[in-house]
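Novice: Okay, here's what each chain looks like letter by letter:
Protein chains: 2
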Amino acid sequence: MVTIYDIAKRANVSPMTVSRVINNSNLISESTRRRVEKIIEEMDYIPNKAARNLVGKRNKLVSLIVTDIVNPFFTNIARGAEDKAAELGYQLLLSNSDEEVDKESNYIRATISAGVDGVMIAPSGDISIHNLNMLSKYKIPFVLVDREVEGITSDLILGDNRQGVELLMKHLIERGHRRIVLINGPDYVSNAREREKAFKDIVNREKLENNISPIFQTRYKQESTDDIVNEILSVNVPHRATAILAANNFIGVSVIKSLRKIGMRIPEDMAVVCFDNPEFIQDFNPFLTVAAQPAYDFGYIGMQYLIERINGKIIKNRKMLLPSKLLVGKSS
Amino acid sequence: MVTIYDIAKRANVSPMTVSRVINNSNLISESTRRRVEKIIEEMDYIPNKAARNLVGKRNKLVSLIVTDIVNPFFTNIARGAEDKAAELGYQLLLSNSDEEVDKESNYIRATISAGVDGVMIAPSGDISIHNLNMLSKYKIPFVLVDREVEGITSDLILGDNRQGVELLMKHLIERGHRRIVLINGPDYVSNAREREKAFKDIVNREKLENNISPIFQTRYKQESTDDIVNEILSVNVPHRATAILAANNFIGVSVIKSLRKIGMRIPEDMAVVCFDNPEFIQDFNPFLTVAAQPAYDFGYIGMQYLIERINGKIIKNRKMLLPSKLLVGKSS
DNA sequence: CTGTTAGCGCCTTCAC
DNA sequence: GTGAAGGCGCTAACAG
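Protein sequences, first through last, are from chains A and B.
In terms of the UniProt record's numbering, the first sequence opens at residue 1 and continues consecutively.
In terms of the UniProt record's numbering, the second sequence opens at residue 1 and continues consecutively.
Treat the hints with care, as some may be off.
Note that identical chains are pooled: a pair holds if it fits in a single copy or bridges any two copies.
Capping the alpha-carbon separation at 30 Å, the derived lysine-lysine pairs in DSS-like fashion look like this [unchecked claim]:
#  : residue 1 : residue 2
1  : Lys207    : Lys325
2  : Lys200    : Lys319
3  : Lys139    : Lys9
4  : Lys139    : Lys60
5  : Lys221    : Lys170
6  : Lys319    : Lys261
7  : Lys137    : Lys38
8  : Lys330    : Lys9
9  : Lys57     : Lys103
10 : Lys38     : Lys170
If you are wondering where the hints come from, they were derived from the structure by calculation, not from laboratory data.
Construct the entire structure; sequences and hints are all you get.
Specialist: Here you go:
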C-alpha cells in the first residue's frame, strides 16, 4: 500500500507537504504541488480513509436506510440519493430494514461504527425513535424521508399525503364512486396516519357512505390481502364498496391479485387506486391508477439537505413537502 | 465518543482486555468477560471501524457497483447481495456506474480509499479491465456479476445467455415466426456478445431467413429505439421481420414505446420479447414475454462467493451459470 | 511555504 | 489470564 510517506520520500518533501497537496491546501508553492501531484499519479496513490477518519476528519460517507430497495419507490429514492451524494463526493452505504426496528437498530449501530457523516432514513415507524436518538447521541446528523417520527425534530422530506389522497379520491368520485374503502399501512407509520386522516375528512366532506367505507390495515409489504378483500366482498352488492384505495404500491398490487384470484374484474367489479407506481417505468404499461410521488426527488433533495447539515451550513429544521401526480391507468 | 479506554477505566482492566472481549478472544476469564460486557452495554459503546481498519483488520465492508440500481434486474441483485452481506455481518457500499468507465473508475478509487474488503461489480464493459487491475494491485478480491471481462480471471456469476436466447427463440418459432430481429446491447459487454452468438447459431440451425434477420446495436439504457424500429419497419411487409428480440428489459420497453408511437399493434403487427423483467413484481401485470434471469440469486450467491474469497477460503476461480425462466406475456 | 511532534482508537507482539 | 509498548496512515497545531 502506497502512503504519504512513500510519496514524500520520492518527492523529497515531508509527509505533511503531501498531505497538504491531497487536501488542496493553498499554503503550498505551485512547483512543489505539481511535483508531488506527478508522483502521486505515478504511484497510483489512494488516500486511506480510515486514517483520515481517525484523526477526526470527515469521512465523506453517508448511510441510506430504506425499508426495501426492491420497492420502486425506494429504488428511485436510492438513485436520487446516490446521484447527489456522488456529485458532492460522498459514498453511500445501503441497508434494508424491512420495516423491522431490530434490524434497523443493528444497521444504525453498524452505520455509526463505520463512521458515517450522516444518515438518510425512512424509519420503520414511531418506535424508531430510539435508533434516531442513538444517532443524536453520536452527533450524527440525519434526515427523515417519507416518514416522520413523533418526538423527533430533524430535516424532513415528505410526500404531501393529503394532496395525494385528494387526487385519488377526486378521481374516484368523478367516476361515480360513493362507497370507497381504504386499505391502509400500519398506524405506527406517520404517512399511514396522514392518509387515513385525509381519507376520513374527504369521506365526510363529500358525504360518502362512510358506514360502508371502513378502513382496513395491513403492512407496506408484499403480503397477501386475501382476507381483507374477502371481507370487503362479503358485503352484498348494492351496499358493497365499488372502489379500493390502497395506501401504497405493494398493497395495490396485492389487492389486484386477490381480486383476480376470485374472478373479480377490474375496474368493472371493483376499481383500485394506490400511492406510488408499482413499476419503475412510468409510461410503459400502466395498469394501476396511482398518485405517483416524486421518489427520485425525495432522495436527491434529502441528500442535499443532509450534506448541508453535515457541513454545518444549516441550523434550523426544514420540512419539504412534495406533491404527487395522478397517473390514470386501467384499474379505475 | 466512548472508547475502549473508557470501558477499561470503568471496569478496572486494561484496554487490551476490553479489546479481547469485543473480539471474542477466549483468552479471558468468564467473570471479567461478563463484567466488561455489562459496562459496554451500559455505555452504549460502539467500536470504531476506522481504528480497527487502520491496524489492518478486516473492515467488514464490501462494495457493490452496478450500472443502474433503477433497473429491476440490478435492484434485485442489490437486494440479494445486501441480504447475504448483512447475514455475514458485512455492510454494503452502493454505486451506479451508468455503464461509464470513468464513473466506474472514480467509484473504484473511492471504494479502495474506503478500505473495502471486497468488490462485487457488474463491469461497464471490457474496458473495465484497468479498474479491475487496480483492485488486484490493492489485493482487493472481487467477483463479476452479469458480465465477464476479457483478460480478467475471477469468480463469476453469469446468466446462461445461450439458454436464455434458446428459450426466447424457441418460443417465437413455435408461434410461427421465421423472421426475427435482434436488438442487442453494446458489443463491449460480454453478455451482448454471447446473446448475439447464440442468436446467430439458432438462426442458422433453424434455417430462419437470416438475410432479413439482421442485428442492431444500442445500449443497455433507457434510450430511444425509434431509429432502429423505423429501420426494421422500412422493409416491406411480406419480407419484414415479425418479431423482435430485445437484449434487455430497457431495450424491450423502448421498442414497445417506439412501436406504439407509430401505431403498430403488439403482438399482431410485431411480437416483442426480451431478457429480464422490466417490472419488479413478476406475476402482476405481465405484458412483455421475457427470459427472466434469477437476479436475486446473482446477488446472493455472488456475495457468498465474494466473502468466501475475502476469508481466504477459496483459491480457484469459480463460474456460476444461472438459467433463465420463460415468462410468456401478451407481447408475443 | 515547509517540517516536526503528537495523537486519533484499536490491535499485535511480547512480557508477566 | 492480563497488561505495556508501539504503530497502522493521516493531519492539527505548532515551529521555523
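Novice: A separate judgement is required for each hint: does it hold in the structure or not?
Specialist: The hints, checked one at a time:
1. Proximity of Lys207 and Lys325 under a CA criterion of 30 Å is satisfied intra-copy only: 25 Å inside one chain copy versus 50 Å between copies.
2. In this homomeric assembly, Lys200 and Lys319 come within 30 Å of each other (Cα to Cα) only inside a single copy, at 24 Å, whereas the closest approach across copies is 56 Å.
3. Within a single copy, Lys139 and Lys9 get their C-alpha atoms only as close as 38 Å, which misses the 30 Å cut-off; across copies the closest is 23 Å, which meets it.
4. Proximity of Lys139 to Lys60 under the C-alpha cut-off of 30 Å is found in both arrangements, the shortest distances being 16 Å within a copy and 23 Å between copies.
5. With identical chains, the CA atoms of Lys221 and Lys170 are at most 30 Å apart within one copy only, with a shortest distance of 26 Å there and 36 Å across copies.
6. Taking the shortest Cα distances, Lys319 and Lys261 never come within 30 Å of each other, neither inside one copy (42 Å) nor across copies (40 Å).
7. For the identical chains of this complex, Lys137 and Lys38 are inter-copy neighbours only, at 19 Å across copies versus 43 Å inside a copy, given an alpha-carbon limit of 30 Å.
8. Within a single copy, Lys330 and Lys9 get their C-alpha atoms no closer than 70 Å, and across copies no closer than 68 Å, so neither meets the 30 Å cut-off.
9. In the homo-oligomer, the alpha carbons of Lys57 and Lys103 lie at most 30 Å apart both inside one protomer (29 Å) and across protomers (25 Å), since each shortest distance falls under that limit.
10. Taking the closest pair of Cα atoms, Lys38 and Lys170 never come within 30 Å of each other, the shortest separation being 65 Å inside a single copy and 57 Å across copies.
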